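J.: Take a look at the letters that make up each chain.
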Amino acid sequence: MSLLEIRNLHAGYGQMTILKGIDMTLEAGEIGVIVGPNGAGKSTTLKAIFGMLNITEGSIHFDGHDITGISPEKLAAHKIAMVPQEHNVFATLTVHENLEMGAYTRRDDYSRVMDEVYEIFPPLKDKRRQAAGELSGGQRQMVAFGRALMIEPKLILLDEPTAGLSPMYMSEIFDRVIAINKLGVTVAMVEQNAKQALAIAHKGFVLANGQNSYTDTGRALLDNPEVAKSFLGG
Amino acid sequence: MNELVFFINKGILAGAIIGSIYALGAIGVTLIFGILRFAHFAHGDMMTLGAFIAYVLAAALAAAGFAGPLPIAMMVLPIVMILTAGISIGIDRTFYQPLRRSGAKGIVLVMASIGVTLMLQGLIRLFAGPSSRELYFNEPKDIFRIEVPGANQMITVTEPQLALFIVTLISVIALHYFLSRSRLGKAMRAVSDNPSLAQVTGISIETVVRATWIIGGGLAALAGTMLALDVSLKPDLSFNILLPIFAATIVGGIGQPYGAIAGGFVVGYAETLAVFNWSVLLRPIARWTDNAFEVPASLAIVPTDYKLMVPFVLLILILIYRPTGIFKGRVL
Numbered sequence: 136m137s138l139l140e141i142r143n144l145h146a147g148y149g150q151m152t153i154l155k156g157i158d159m160t161l162e163a164g165e166i167g168v169i170v171g172p173n174g175a176g177k178s179t180t181l182k183a184i185f186g187m188l189n190i191t192e193g194s195i196h197f198d199g200h201d202i203t204g205i206s207p208e209k210l211a212a213h214k215i216a217m218v219p220q221e222h223n224v225f226a227t228l229t230v231h232e233n234l235e236m237g238a239y240t241r242r243d244d245y246s247r248v249m250d251e252v253y254e255i256f257p258p259l260k261d262k263r264r265q266a267a268g269e270l271s272g273g274q275r276q277m278v279a280f281g282r283a284l285m286i287e288p289k290l291i292l293l294d295e296p297t298a299g300l301s302p303m304y305m306s307e308i309f310d311r312v313i314a315i316n317k318l319g320v321t322v323a324m325v326e327q328n329a330k331q332a333l334a335i336a337h338k339g340f341v342l343a344n345g346q347n348s349y350t351d352t353g354r355a356l357l358d359n360p361e362v363a364k365s366f367l368g369g
Numbered sequence: 069m070n071e072l073v074f075f076i077n078k079g080i081l082a083g084a085i086i087g088s089i090y091a092l093g094a095i096g097v098t099l100i101f102g103i104l105r106f107a108h109f110a111h112g113d114m115m116t117l118g119a120f121i122a123y124v125l126a127a128a129l130a131a132a133g134f135a136g137p138l139p140i141a142m143m144v145l146p147i148v149m150i151l152t153a154g155i156s157i158g159i160d161r162t163f164y165q166p167l168r169r170s171g172a173k174g175i176v177l178v179m180a181s182i183g184v185t186l187m188l189q190g191l192i193r194l195f196a197g198p199s200s201r202e203l204y205f206n207e208p209k210d211i212f213r214i215e216v217p218g219a220n221q222m223i224t225v226t227e228p229q230l231a232l233f234i235v236t237l238i239s240v241i242a243l244h245y246f247l248s249r250s251r252l253g254k255a256m257r258a259v260s261d262n263p264s265l266a267q268v269t270g271i272s273i274e275t276v277v278r279a280t281w282i283i284g285g286g287l288a289a290l291a292g293t294m295l296a297l298d299v300s301l302k303p304d305l306s307f308n309i310l311l312p313i314f315a316a317t318i319v320g321g322i323g324q325p326y327g328a329i330a331g332g333f334v335v336g337y338a339e340t341l342a343v344f345n346w347s348v349l350l351r352p353i354a355r356w357t358d359n360a361f362e363v364p365a366s367l368a369i370v371p372t373d374y375k376l377m378v379p380f381v382l383l384i385l386i387l388i389y390r391p392t393g394i395f396k397g398r399v400l
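Chains as they are written, first to last, in the numbering used here: chain A, 136 to 369; chain B, 69 to 400.
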């Protein structure tokens, strides 16, 4: 059984339906990348998985559990973490407190995970007593990733992690995503920079108008002339 | 020296007393605004309610012949705080939570809290009548006097005032440790900072909301009871205190607990020093300079009757020139 199985998902905000039958499966340990034009329902799909939308039809199963329409605060217990696109750190809390909040649902000793996070993101260790809002965009993104890693997630959802960052940071972020994946974390990521993102993806999903248009391995999608023509800008 | 003692009594101590009351109230208002995103107009009446509960408990115990080292109303304070906190949660569940769930805007909750204000005032008047009451039941109100060399007046602090300073200090320190060290305290700051991210992180918003009412309600009960002990318990106590508390909240920076404490004292001192008769301090200077200038009989910035104007003016000035307040809070 796959780790994440989305079947025929219809969802939207209030009365407005945005997703009209999305199918998606991810195996444990994979990086899945969701690409597509603006308004295709990429971020909406992530938000639907995270219980932030009205699901009208279809189902989401994770690790054998039905998590369709579960409330966001319950997902930490299923070891699913999310990094939203914007406002993804507690700006007035220190870096260290941000990580502690990431572990809010944990009642066990998480100091080992904390050390690991500081190891993956060395700049954070020096700034652990600083308010997260004072950090640079790239470092804030590290805090956001670190916060999400604190529950030792099985699945991490990343909503356009490179949005608003300079190209220099972009490749760094993708390196981090690979590093996180190497820890054994399954990644589902929405990205605007489709080419770079598909290059690191085991599986790619091209969405358009709230439906799947292409699903294949990342490599195959990059090599697919039709996908290249219509979605990757030639 | 007498003039200096007078200034300490009527200026410094008086400002600290009313400042403590404002600070305790403003902490609650600012926390509620930070977490629940609305201005809680019923906060003044939560204070009255707390004082009223203290009165009922103390009266019952006094009638039963109970006596102790402190006034009964002071000794029942922990119970009063717990009861008021419980009632706050009950009010939230009954009135505010259903509105929150239906996605009502902040202004709707403000209106609901004005409704709660009127209800609480009505209820208190229904049971206690409009008269003012003493929270001392044939108990001596101790007065502590400190002699000052060279002065025939003394620095005086009454028992409830001294108790107020102590409980304010303890509350502020406890609040600081709670917000900066405890898991729930940090979660409160996280929700105040970014509610949607807090939810994504798995922080239970309802738990944080409950904690907010416990702290807000508890401190309101504390401030209300201490104020009633110092002066007297009037059913319309809240009316005169709500505006200064809101001013303190905004002066300190909305959503900033430390700002609320600072704001409470700023407003308390502004009010006290504005009605202070500065002639008292000018007279000795005039004496030393051989009456080089004439000191008017009364030289207060604002007549005492218009005291409530001071927080109002302060509020308007802050809103115009520094809307984020001292501690960079939110903008209304």
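Simulated from the structure, these hints should not be mistaken for lab results.
As the structure is a prediction and not an experimental result, all values here were calculated from the model.
From the three backbone atoms N, C-alpha and C, an ideal C-beta is built for every residue, glycine too.
A couple of the hints might just be wrong.
[Claimed, not checked] Heads up, incomplete: computed chain B residues facing chain A, CB under 7 Å, no partners named:
| no. | residue |
| --- | --- |
| 1 | 253 |
| 2 | 254 |
| 3 | 263 |
| 4 | 274 |
| 5 | 275 |
[As the list claims (entries may be wrong)] Restricting the straight-line Cα-Cα distance to at most 25 Å, the calculated cross-link-like pairs of lysine to any residue (SDA-like) are:
| no. | chain 1 | residue 1 | chain 2 | residue 2 |
| --- | --- | --- | --- | --- |
| 6 | A | 209 | B | 264 |
| 7 | B | 173 | A | 137 |
| 8 | A | 209 | B | 170 |
| 9 | A | 260 | B | 253 |
| 10 | A | 262 | B | 105 |
| 11 | B | 396 | A | 268 |
| 12 | B | 173 | A | 147 |
| 13 | B | 173 | A | 150 |
| 14 | A | 289 | B | 272 |
| 15 | A | 289 | B | 267 |
| 16 | A | 289 | B | 396 |
| 17 | A | 209 | B | 396 |
| 18 | B | 173 | A | 360 |
| 19 | B | 173 | A | 289 |
J.: Does residue 173(B) pair with residue 147(A) here, judged by a C-alpha cut-off of 25 Å?
T.: 22 Å, holds
J.: Are the Cα positions of residue 289(A) and residue 272(B) separated by 25 Å at most?
T.: Distance ~21 Å between residue 289(A) and residue 272(B) Cα, so the pair holds.
J.: So if I understand the rule, the pair passes when the alpha-carbon distance is 25 Å or less; does residue 173(B) with residue 150(A) pass?
T.: This hinted pair holds, its Cα atoms lying about 20 Å apart.
J.: Would the stated hint for residue 275(B) survive a check requiring a Cβ distance to chain A of less than 7 Å?
T.: 10 Å, violated
J.: Residue 173(B) and residue 289(A): Cα distance at most 25 Å?
T.: With a Cα-Cα distance of about 37 Å, the restraint between residue 173(B) and residue 289(A) is violated, given a limit of 25 Å.
J.: Hint check: residue 209(A) vs residue 264(B), CA-CA at most 25 Å. Holds or violated?
T.: 14 Å, holds
J.: Below or equal to 25 Å on CA atoms is what counts here, so check residue 289(A) against residue 267(B).
T.: Cα-Cα ~19 Å, so holds.
J.: Below or equal to 25 Å on CA atoms is what counts here, so check residue 289(A) against residue 396(B).
T.: Distance ~39 Å between residue 289(A) and residue 396(B) Cα, so the pair is violated.
J.: Hinted pair, alpha-carbon criterion (25 Å max): residue 260(A), residue 253(B). Please report holds or violated.
T.: 23 Å, holds
J.: Restraint: residue 263(B) near chain A, CB-CB cut 7 Å. Satisfied or not?
T.: 10 Å, violated
J.: Against chain A, run the beta carbon of residue 254(B) and see if the smallest gap drops under 7 Å.
T.: 6 Å, holds
J.: Answer holds if the nearest beta-carbon of chain A is closer than 7 Å to that of residue 253(B); otherwise answer violated.
T.: 10 Å, violated
Checked against the numbered hints given earlier, this structure breaks hints 1, 3, 4, 5, 7, 10, 16, 17, 18 and 19; the rest are met.
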